[in-house]
Amino acid sequence: MGVFKNLKELIKGMGITGKHLGRHAITIQYPEEKWTMPEGSRGVVVLLSDKKTGELNCTGCGLCEKACPTGAIDLDAPRGEDKKRVLKKFVVDNALCCFCGLCEESCNFCAIKMDTRYEMSVLDKKELIWDMGKLQEMGKDVDYVDTRKKKKPKVAKKPVVKPTEDAKPEAAAVNPGDAKPAAEAAPDKEPEAPKSPDKPAEGDDKKTESGGEN
Amino acid sequence: MTKEELRSYIDSTFGSQLKALDTGRHDPMYEIEPQNLVKTCQALCDDEKVKFNFLCNISAVDTTEKFEVVYSIASLPNKLRLDFKFSLPYENAEIDSVQEVWSGANWHEREIWELYGINIRNHDNLTRFLLPDDWDQGFPMRKDWDAPDFIRLPEK
Amino acid sequence: MSEYLSVLIFAVTGAAIVLFTFFISKLIRPHNPYPEKGVTYECAEDAIGDSWIRFNPRFYIFALIFVIFDVEVIFLFPWAVAFGELGLFALVEMVIFILILFFGLFYAWKKGVLKWV
Amino acid sequence: MSDNLGNLELIHVFYWLKELLLSTGLGEPYVTIVSYVVLGAVTFGVLALLALFLVWWERKIAAHIQQRFGPMRTGWHGWYQTIMDAVKLLQKEDVRVDKRDKFVFFWAPVVCFVAAFLAYVVMPFGNQLIVADLSIGILYVLAVTTFTVISLLMAGWGSNNKYALLGGMRSAAQVVSYEVPMVAAILTVIVYVGSLSMVDIVEAQSGLFINWFIFKLPFGPIAFIVYIIAATAEANRVPFDIPEAEQELVAGFNIEYSGMKFAMFFLAEFVNMFTVSAIAVTLFFGGWNGVFLPSWVWFLGKTFLVVLLLMMFRWTYPRLRVDQLMEFAWKFLVPLAFANLILGSIMKYLGWYW
Amino acid sequence: MSDPGSVGIAFWILSAIVLISGLLVVSLKNIFHCALFLMLCLTGVAGIFILLHAEFLAAAQVLVYVGAVSVLMIFAVMLTSNLARKKIVQTNQNALVAFVSCVAFVVGALWLIKGTEVWKFATEALPANNTMTIGKLLMTEFMLPFEVVSVLLVAAMIGAIVLARGEEA
Amino acid sequence: MGLIKKVPAFFEPIPGGGVVTTSLEGILHHAQACSLWYMLFGTACCAIELMCTGASRYDFDRLGMIFRATPRQSDLIITAGTITKKMAPRLRKIYDQMAEPRYVIAMGGCTISGGPFYYDSYAVEKGVDHIIPVDVHIPGCPPRPESLLEGCLHLQKKIKSQKLSDWQEK
Amino acid sequence: MQYYLMLAALLFVIGLFGVITRRNTIGILMSLELMFNAANINLVAFNRYISGDGLTGQIFAIFIIVVAAAEATIGLAIVLLIYRNWRGIDTDSYSVMKW
Amino acid sequence: MGKLKTEEFVVNMGPVHPATHGVCRLMLTMDGEKVVKIEPVIGYLHRAIEKVCENRTYPQCIPMMDRFEYVTSMSTNQVFSQACERLAEIEVPERAEYLRVIMLELNRIASHLIFYGTTAMDMGALTPFLYGLRERELIIDLFEMTCGQRLTYNYIRIGGVSKDIPKEFIPKCREALDIIEGKLVDYEGLLNENPIWLIRTKGIGHLPAELATSFGVSGPVLRASGVDYDIRRDDPYSIYDRFDWKVAVCQNGDCYDRYLLRLEEIRQSISIVRQALDGLPEGNIKAKVSPKFKPPVGEVYSRIENSRGEMGVYIQSDGTTKPLRVKCRGGSYNQLQALPYFGTGGLVADLVAIFATLDVILPEVDR
Ligand code: SF4
Ligand code: SF4
Ligand code: SF4
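Protein chains in written order, with my numbering: chain R, 1 to 214; chain A, 1001 to 1156; chain X, 2001 to 2117; chain V, 3001 to 3354; chain W, 4001 to 4169; chain P, 5001 to 5170; chain S, 6001 to 6099; chain U, 7001 to 7367.
Treat the hints as calculated values from the structure; they're not laboratory data. Keep in mind that the hints are not guaranteed to be accurate.
[As the list claims (entries may be wrong)] Here's a subset of chain W near chain V, in silico, CB distances under 8 angstroms, partners left out:
1) 4033
2) 4036
3) 4055
4) 4056
5) 4066
6) 4070
7) 4105
8) 4107
9) 4109
10) 4112
Keep in mind it's a predicted model, so treat the numbers as computed, not measured. Here a beta-carbon is modelled for each residue, glycine too, at the ideal position from N, C-alpha and C.
Chain R on its own, in the form it takes in the complex:
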């Protein structure tokens, strides 16, 4: 009979909710317990520093600025007299950033990273514009795999050895061309290592362009 069937269904529904009533909640009680952010979660943008020297890895190449779809990154790295870029300003506007991770992927110097931190609510929106110092400080103890091992020594050495020439190597470093996957697949590194030297040409263009602008 319809009535009884309906009644049965209604009771069944209650059964389901009743069943859950006895179960334990799945809630994560936020401030006390926290969700462990998986590797590679895209939280705030930070600038990484060299683990040894404590200096910023960023070379001011401007690739991330160009890759950023929202214009959140504003950097200024004019070339000094020695043709070497000096990072003057590196500002990330967290209000504009859409946490897409493109900057991290575009950077070949392990200089910018999306950290897993996310607690950054502020009372004043101006505090969301992070300058270099803040970015560096945030990135202080961020753990990262240094993928630029081969290049780093070069970068480090070059100024010492031959300051005038450093435009070149940098270019080579900058442009792994389509080596985007390189940065992405940071953990499993094999495929990109060979790729990066492949296409210097394009990166070169880009670099000079940006250089010109700056």
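Based on the hints, put chains A, X, V, W, P, S and U with the ligands in the right spot on chain R.
Here is chains A, X, V, W, P, S and U with the ligands on its own, set in the frame of chain R:
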């Protein structure tokens, strides 16, 4: 019907109205005469062999010299896809409404009217709908459009 | 009889306490009316037209039927209370009473009045 | 106070209070009035606490049904969450809509709460624990709760808001429709008791639980089901919460109310829920009857179980549409309830019950 | 009211409520308010009933008038009128005449009531009221009217439905 | 009436009267902070995260936050999602209709400054703080539920640190 | 007891006044209800103070309530009907019911 | 004359209304409770994504596309990448295709779970809403594990996907699928046969097939009306032709069918994901695409089946790094457009049910 068959069928049946273009990727692309628009659409929709009864999309394009209006249509029963388009002059652009063929064209056309300023003839409800009610800054999707509070992404 | 006094006093006390809380709240709450605040809320849009409009007579018809049944109820209560001492005659009487009323209900039903739309 | 709370006899306290006041030399009528005022205030306090507790409880139940925790950060499991809510509502601004009907807008919440509150004059919280055992007990409850309808209509009208008005109208139509089957279900019990007094009803069920009317009556379960459905509707709860259906009417009749006035509606809703449950307990589950524990514990315990049932409804079912709701009431519930009543009284006449 | 004093107080309060709200019913401009005051007035009458030991009647009064008739009235107000918001004069040109004649009437009535001796000595009858007696009486003595009432109600219902529906549907 | 504003002035002169003020302040603000009923307002992507925050895993109710569909009864409006120029007056309207005390959380880049649509978009309002006063900004696109919760806790802290003397000022 | 009677008389007169002066039908119906109630008060008062032996007065009152309710339903239904036909419920605006 | 009709009055439902899932405003002309006319007013969420995209390079467009339809942003990624791939004729690696299918279907499940929840909530049942979101969290976890975001994934890129899945993905995914499949029984138990649910949805909001087609209604709504059309099968993209699954079709086109159909689609999607997990090959996850991706001059309209119907992107390229025109087409656009033509005549509550089962989300409409 495969794409090739579709191409040849269109050529043979609608050859006078639809001229194949080579800019289309993946799906066949044709060019038509704007004044034949409704007729052509009706024919495409009614033709038993193809029966393009589903309008996917209409989009206007501003190439800075002219407008193009692109219609993407599909046939549900025959599982076909086809695009066609035509160009319009930049000034006084006007097209016919294809509402009577595909009712769904209504909003697409309204949008074109609102954002590009292409007038739609025989449209039953050309009123503002995406932009704020008090919008008075012209047709924002045009390439040359600008407004005082419009901030462009700085060139990097 | 004094029980009934309690009803009156309860009503007054209840109202007084409610008003008292309103008063307390008045002491501590902010009060900052301005014209926009007093605008009728209608999903963040301007309300179109007044809301004191004429309403669907459906509501009315249900209320109408209800009045009849409510009146019936006031006969049913004494009957129910006295039923134990009255016996068959009262039972029959009441059944007739209810049936006659139900005749009205079924009339309404058949007329489609009980449909909302 | 007496050391045995179980035998707390309100009537006695009342007389004691009266005596005390009399000894101060006040005239008899004033003494009566003052002692009732005190009683009223006490009842009000108890009710407010009960309602606050119910709100908290509902939130907890809902949360656990949904595998959440509910309030957690105000005391142990958020026990004083609802008190904080009340305090907050106390400091909320009282927004007054320009287009409101001042008089109606102001009084609607008062009427709503008082109507809910008045029902407690006859509520038998326990053995002797009743404010006044009116001889028309249950009829009285029905009578005073009708004011709720009016208050909702007033709220809807006073706000001058379409959603509110629709909510008020719906609510009135609904409460009115479900009152008929509810009364019929109540009558089924009354036929057996032969009295309207709440105390008599409870005493008729004294003894073991088989004496409870839900088991004792031949059609007790049906009467109970009819009653609980109608009661859910009377209390405007899901699946009959169309007056404040969030997805349709935003917030229904209380859409324009804020601060304390809203709080009154909110409290009244929960007080009403408690009322209908308490009446269900009185009518069908033997009221305060029970063994070992003090009578009021039994009463409250049973009532909370019924409230739990209502809450389970709320968190399980979708809501009905307004027309379906009406049709359900008139085309199904009313005939069923009256058929049940007639059959019940035939049984009573024939003596087919124990 | 066990003691005459409180009966007196209650009576005065209640009659004040009844009369004032009654006056408001006939004089207010907003008809919705009128309906509300009608309710208040009838509730007051219910209180008076209680004073007269007619408890059941009081409950019935509240149930029927407040619960049902007022709702009906309010619905009717909402249904039919935009009057409620227009603060139009709700009285017609008869007002003055009516007022005068009413005053005359009331004075006469009061004088009559005052002058009639019988009522002054009316004894307090046994408060034999309870619902059960009413029930018994209804079922026995007043059986015929009782059944007629059901017919009346049905007639009213059907009539009202027919009228209210009209040509609709 | 706002008598409360006079409380400090009244009690402070009395020795030990400061306690009254502070405890009153404490209770009242604690109540406000613990029972932030938020307005059901979400326009875009962030609204989905708002929903998730209300759902079982993150559970707004834990903080005593429940949603109300009408601004009259809400204390907090979380502007979740892009506010376009067309929407801006409506947002303002809702804010106006809220009963005081009222708070605003700007959730997500869009509401803080236009976010991803800051550049090149002709239709997006570049920050809700041009329309309504914002208390807490939560960046993110969308902010994670935890970010939102953290923002709410931040707001609670802010509320608790208010003073009676600036009761109505906002 | 005369107080009750006075009350009833006053209420009745108020109702009467309303019936005469009200311009719209619903108002008239309300006033009518007042008059019914005045009658009821009288009945109950007589029952209480005079008939002593039974509850006939109360039962009469019940019947009056019933009749009043029926009257209200029908009356309001008529209001609806009038409204439907005349688009207004002012008594003055339709001459049919003007006296 | 003589009919006592309620004055028709206009009520705004929205833009901020719990039942409009966003900021749509329906101007309802009502006769009492009956809806006699619906006039959707949109544009409250018009964010000019198309304009923004015209000023972004192709890779930069993808995050913007995320915001075009955030409930299933994987689909938006996919449809845009696919358009670019078709423009530039890029071959996508096998593994990437599999990953894409997995993500797309997981996202479809997530979206349908939201649908389940919001629909139930609109009908007044709050608990299913939380259940739906609860299971959705499992999928979101998977996404977060893979690409680091919960909602705006930016995962599917031109030529492949951005990251490979972590090791624990596959077991976790299988586990999540099992849980969801188990919970589906609960979902159905709560609503499918519930008499209240039945009377609220059965026969309500009937959308005839011809009307649907002519308005360009697509996806589950179209299929619920009895039109057997699914782009995944009928205009195959990615590698959908390799899997064995059924296109769910219902006949009545009422709210109940639309609801049932989506539950069935969850099942089918689960099966697709399982097959894809089984067949997941090793290999590269991304074709070589220069960051200065410059497709040749040309145009393409690419479309996929997302959980709300046909999602399409029209791109015209002028050979530079930025597209000349990007036009997004979402299923909701057409569904909302059709609403006034079949949604009237019921009560407000019916309209709420219809709106809910159309599963309209506003960014797709307004962009
Ligand atoms: S995450 Fe995206 S939006 Fe944010 S700074 Fe990096 S590239 Fe720009
Ligand atoms: S891409 Fe890396 S190195 Fe270049 S500017 Fe950006 S952060 Fe610095
Ligand atoms: S901030 Fe990001 S996620 Fe939030 S609404 Fe804006 S675009 Fe969407």
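Please name the hints from earlier in the document that this structure breaks, with their numbers sorted from lowest to highest.
7, 8, 9 and 10
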